[in-house]
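Protein chains: 2
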Amino acid sequence: MQRLLTSDPQFERKFARLVEDRRETESDVSSVVSDILDKVRQRGDEAVAEYTARFDRHTLGADDDWRIGPEACKAAYDALEPKLRDALELAAERIRAYHVDQLPRDRDFTDDAGVRLGARWRAVDAAGLYVPGGRAAYPSSLLMNAIPAKVAGVERIVVATPTPRGESNPLVLAAAHLVGVDEVWRIGGAQAIGALAYGTKRIKPVDVITGPGNDYVAEAKRQLFGVVGIDMVAGPSEILVIADGTNDPDWIAADLLSQAEHDPSSQSILITDDAKFADQVADRVDVQCSMLATEDCARQSWEDNGVLLIVNDLSEAPALANRLAAEHVELAVDDPEALFAELRHAGSVFLGRYTPEAVGDYVAGPNHVLPTGRRARFASGLSVLDFMKRTSFISMDADALAKIGPAAVALAEMEGLPAHAKSVQLRLK
Amino acid sequence: MQRLLTSDPQFERKFARLVEDRRETESDVSSVVSDILDKVRQRGDEAVAEYTARFDRHTLGADDDWRIGPEACKAAYDALEPKLRDALELAAERIRAYHVDQLPRDRDFTDDAGVRLGARWRAVDAAGLYVPGGRAAYPSSLLMNAIPAKVAGVERIVVATPTPRGESNPLVLAAAHLVGVDEVWRIGGAQAIGALAYGTKRIKPVDVITGPGNDYVAEAKRQLFGVVGIDMVAGPSEILVIADGTNDPDWIAADLLSQAEHDPSSQSILITDDAKFADQVADRVDVQCSMLATEDCARQSWEDNGVLLIVNDLSEAPALANRLAAEHVELAVDDPEALFAELRHAGSVFLGRYTPEAVGDYVAGPNHVLPTGRRARFASGLSVLDFMKRTSFISMDADALAKIGPAAVALAEMEGLPAHAKSVQLRLK
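Protein sequences, first through last, are from chains F and X.
Its first residue numbered 1, the first sequence is counted upward by one per residue in the numbering used here.
Its first residue numbered 1, the second sequence is counted upward by one per residue in the numbering used here.
In isolation and in its complexed conformation, chain F is listed as follows (with noise of 0.2 Å):
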């Protein structure tokens, strides 16, 4: 963990080193990716069989070997215990609810030269969906995926899941019931991507893949970019708390924790103004991490990734923040409303002291795949609109392209395109 202050001269060039590094290994994989894709492209079922057997010691063999049924997804649905599956029910609810409301609307006007403008969105025929097998295998994440899907309206939602040895994980099978998926398959890595992409003669093609992955899965999906949609590259996840000294450090400490125990490489920043605050959280997180099953994870990436940073006065908060563009903000403050204001880059922000960020983990609605590793710059979270597309559209009569027709054929006749200006030319006689 490391301490920054705003009022030590070095704090610009240590503040602009952690704002650089984003924790992301280079790994070069790529030659051995885009050989699997090809393999996957030439020889479809059959190198996706070889691969599992190699990668997940799963044999593909007969249908039950290639897919998870629907009965199988059910049984694991009704087995779930009653609080489990209506913990789960109320999070696709509240996550369906507001999803819905992100639908994008349609637009159709006629402006005053009397031309008509509009714009249609609709679904994508298929989404594919990777679902990690093993630790990070979540059933949240699951619902955070698909449910944009179905309420974008995609008629066929895809699962692609590793099942290492033939195990597969009840709960992400309860939540693909749950959800309505309509297919599930065992397999995972690169050849899943691939087979998702250019389809094989069991699986047919899907038009956009979302889902985190290991590294092959995001080389695989960035290899792929334009010959399907694909989400954003992710990369280790952050939270940035900023919070004065009346918080009670206990609440903050469990909120640094809840990103540290998701894996070695995140990071846990805490913004304040009160030294002996920071401090005391300092103290908490290092009790609770000795209490968490997770503790080991959580300690690493507190020590390797944490930062106590202490500014002079809360007022200085939203700009370093703005240069984090951290994935999770908290502003556990009394005015969080100011804050947010000064707020331009970050995925997702909790507005004072009862929002802890695991809540829209779960149950809070919004979406929980967000951007990384400073990517809230240009990124936003996943939404309806990963799943659809939009179709522009115009519509004259002569008396329209009367009036705006000329214009055309002169641009057309300066860029140097005469057939352009023709095609408008032979409509104004």
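Calculated from the structure, these hints are not laboratory results.
Every value quoted in this text rests on a predicted model; they were computed, and no experiment measured them.
Hints may be right or wrong, so weigh each one.
Put simply, identical chains are the same to the list, so a pair is met inside one copy or across any two.
Below, simulated EDC-like cross-link-like pairs (lysine to aspartate or glutamate); rule was C-alpha separation at most 16 Å, straight line [as the list claims (entries may be wrong)]: (1) Lys429 with Asp248; (2) Lys83 with Glu413; (3) Lys204 with Asp45; (4) Lys204 with Glu20.
On the provided structure of chain F, position chain X as indicated by the hints.
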């Protein structure tokens, strides 16, 4: 030019091949580009100057070699003949009006559980627009890229454009003045994209890079996806005209040629239910071609990639059009609405006989940067959204947290994330 009939027993096979062929050369420039980007990242301006000397034969020494100042842009604008200036202004005004109406609404509401939720859109701080040198340097492209950024509220708009042997395109400079571009840099290729993304001593980094370019530029953007935001990968463009036999074959021929004259790899497709009409159009394409200054390009595109597709009934057209997912679709029929209602995948649609695609390239208002190569299945034209990002927010008091917090605790425990659970539990007491 190939002729396809849906009544041909071999039609499905032939049509599938047409859909499959995106006419994109997969030249492997990835290692060259990755090397250029590394050098620019490490050595900044020095590397940019070396590549510019080598590829553009332009020496970057004094400030004036690097940048084209606002005075030069204004001078280029003032030197336009009045008719052209008026046309450019009309185009800019109409594009602006269309894009202003595209601005997304912020959300802020409190739901039944007393949870305040919302989303706030903000512009990125800086946008970089690539404008190719030479043949494809279109002032209309500059308008179509810069105006959405301006309307989004981007405070710093930067153009990078190569000036081979020092020569710049006065029309592009005039358009830059008209839109109010903040900086024009005389750099191009992958090195320009690298300089914009990483920043150098002279050039501050940007957050989003858009605009067309050659294979090196496209590959550089792909490699930097995630370091900055980028627009969709652009391939050769295409038009699909759906027309009945009562159209003037000359009009339709001109429309097909307006796409063909862009590039030999462009594609023009006519779907009609009138085989005789198709022949007439083919004749007129031939005749008009020989009168064009762009004849060589247009003829080659038509010969290599042109398609006459004869259907028994125009009601077959939308399903075919959806598989082609063309960049531009013209509906030259009496009742374009009926066909339009069935279209799911298209970049932009032009309704009726008096709406040639070329008006959309210049003055109609919607963006002419559109998804190509079947990408309209999942991608949209350029818009203000490409220069903005959304921050979601959540605000709760103790009562609201009491209502939804316990479900978050249950889910966090289920996923094995105890610090998540604790951050909520502490506040529930």
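Status of each hint after checking the structure:
{"no.": "1", "hint": "Lys429 with Asp248", "in the structure": "between (77 Å within a copy, 13 Å between copies)"}
{"no.": "2", "hint": "Lys83 with Glu413", "in the structure": "between (70 Å within a copy, 12 Å between copies)"}
{"no.": "3", "hint": "Lys204 with Asp45", "in the structure": "within (11 Å within a copy, 47 Å between copies)"}
{"no.": "4", "hint": "Lys204 with Glu20", "in the structure": "between (41 Å within a copy, 15 Å between copies)"}
This entry satisfies every hint, going by the numbered hints stated previously.
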